[in-house]
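Colleague: Here is how the chains run, residue by residue.
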Amino acid sequence: MANREERAAAVRHAFPPGSGVEEVGGVDLQTFRVDRKVLPAFARHLKDDPALDCRLLSDLCGVDYPDREQRFDVVYHLYSIDRGHRIRVKVPVREDDAVVPSLVSVWKAADWFEREAFDMFGIRFSGHPNLKRILCHPAFHGHPLRKDYDPGQRWLLREGEQLAPSWADEVQEDEDHFETQVLNLGPSHPATHGTLRAVVRLDGEVITQAEVEIGYLHRCFEKMAEQHTWNQVIPYTDRLNYCSAMMNGVGYALAVERLVGVTAPPRAQVIRLILSELSRIMDHIVDIGANLNDLGAMTPFLYMYEAREEIYSVLEACCGSRLTMSYVRIGGLSFDVPDDFESSVRYLLKRIPRLLDDMERLITDNRIFRERTEGVGAMSAADALDWGWTGPCLRASGVAYDIRKAEPYLGYETYDFKVPVSHAGDTYARYLVRVEEMRQSLEIVAQALGRMVPGPVIVDDHRVALPPKEEVYTEMESLIWHFKLVMEGMKVPRGEVYGYTEAANGELGFYIVSDGSGSPYRIKVRPPCFAIFQAFEHMLPGHMVSDAVAILGSMNVIAGELDR
Amino acid sequence: MRPQDVIVCDAKPLGAIQRLYLVEIVKGLAVTLRHFLGNLFGRKYTVTIEWPEVKREYSERLRGRHILLTREDGSPRCVACYMCETACPAECIHIEAEDTPDSATVEFEKRPKVFTIDLLRCVYCGFCVDACPKEAIVMSRVHEMAFASREEAVVGLDQLLQKGPTAKLDLGYRPYYGAPRSRIQLPIPVTAPAEPVGAR
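Residue numbers (the numbering used here), protein chains in the order written: chain A, 70 to 633; chain B, 1365 to 1564.
It should be emphasised that the hints constitute simulated quantities derived from the structure, not laboratory data.
Idealized CB from N, CA, C, for every residue including glycine.
Please note that the accuracy of each hint is not assured.
[Stated by the list, open to error] Computed, partial: chain A to chain B, Cβ under 7 Å:
id, residue
1, Glu138
2, Pro304
3, Glu375
4, Leu479
5, Lys487
6, Leu501
Kindly produce the complete structure, drawing on both the sequences and the hints.
Modeller: Below, the structure written as structure tokens:
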């Protein structure tokens, strides 16, 4: 709390009351409401003042309040890596004058996030270098996340209406009078692993210019969440990062639980943690495997997928589905794990390291692999932070930021593990960090297995969790609770919360606003690879086409999470 | 973050032998040869099964195609309460209710006239099973479904209602009480079980 006072003082010092910055009560985070006129100066102050030191812009989104005079809020979530605090900034704007100064010059990370807020709400960011739609098709009408936008509307969107970059039709010659060539990488390219499109200009084999187009897998997750009850959102979260679906559900449930004020029982927490760490391993397996596959090394991909198959078997026996688990419920888990869960996970703990060793023997000191990846796609620590990178990609650039250590949840502070960090920031460093992370995750799982206390796996609170079936069949009161929960959905108290967990790709944030009803008022997902991938087009120039494939693979871009 | 929480894994410079490359090739080939021989003689490393000749037995929680259970007299247990339709996040269930003629008890005064599930829309999350207050809708372990058209995938009462005694159904995700009824088979059995799964 003292720190909170300190930060408030640091803000007051530069922006005295009446200058357009005021601190408003934020329950979960310190919140400032800022007039848009002073926003650029305030943002610069937040970043540069040593007491505030907000170098990471973790999220930026719009919220629509149609009844207010200033209809939209632009909400910024900031984090200080060195001091470990978070700050929320809100900038209200009117509908007829929805213009906010762009913060791209302060944090590069604002680039795509501002485009998304423009796409979804029609808020314009003055000074943005490339303000156009990002997730919706360019021919789309209206702004889908506005409350008065009817989700049932359909638009006929034709092929050929995609926007090509403005430079795509220019004819350019290099110094030897050779014409450069414009090439599409994707959207359906075996190396894009999901539908992404990068338009690149080639001079010979060297990329000189690039622009990325995303949104091919946009499924309106955020709009759909507003149409459903809090628990019904869980199957939707499975489809965000589908390589580690469990972690999305855990992140979402933790955020909602914070707002409701319930905590999952200890057994549920340990199971969530074990399955999350196994999911992290799976995610890294997919990423490394696909990356190696693109570089021509098929064998390790197949070896590591054996481990992935077996982890999926465990998950399937726990929750009934291999990929889209829907295992987490708000307040706990849907079911207890099977009796042989512990022995099966112990089997995995023996098996995965052997496969990892085999992969490392083939790859880690392989001269071909190292020459293909060392120095390719290098990112400095300062740039990575500026782009809003988190997770293994940031740690490979030398910044030791891991939410499991920085702001532990699920009891991570009681486990003994280390955070791998590498300093080169290139594709090879990202590989090394991921391999070490898998080993550390195995350590965590091994410790967690010893803490599987018997007990319930979901809270005994009928306002949140469905009552047990035997009670529903026999007791009137339970049946009524059951009926109310299913028909109206659980009630989440009015308020807002930014929940964050360390997913396989980095910081997975859920900014949740509740108006006290049975369905969310606004859910904003902060997908880690959205921030990571926006740097891609700026990393490409100077690299060859084959390097582009290597860089893309090492970023672990999951289109389901990127486009939502 | 404290320094002892961090493990540095920077790239180590390649040694002379690794630069030479030939020794590394032999080492790599030793790994692949071990996997090859292990798979050739014992299927030691494989997790793949020869589907469809060999079928995998999934756990008793698998969320597959739905079954509407019936009472002993063959009438559907469903009382058309619309709970599953409301709970469905994919909005794939459609119910129309009607009065049960000459119902003996008040408990069963409604029944479904129409009950359809669009199996192509369904996301198999099992929320309908969780929502049902009568244990009328459960899921089976049938997950291999093929349809010739979209219309065919919208299945009605005639295809959803259980056929044959409950013990013969290949039941998957369903409510249960007491001990968890599921098991994990690791390593994954890659050869055919003595009694094929499909025979049940």
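Colleague: With reference to the structure, classify each hint as holding or not holding.
Modeller: Each hint, compared with the structure:
1. Glu138: At about 35 Å, which exceeds the 7 Å cut-off, the nearest Cβ of chain B leaves the hint on Glu138/A violated.
2. Pro304: holds (4 Å)
3. Glu375: holds (5 Å)
4. Leu479: Constraint on Leu479/A not satisfied, violated at 17 Å.
5. Lys487: Lys487/A check passes; min Cβ-Cβ to chain B is 4 Å, inside 7 Å.
6. Leu501: Hint holds; Leu501/A Cβ to chain B Cβ min 5 Å, cut 7 Å.
Against the hints set out earlier in the document, violations occur for numbers 1, 4.
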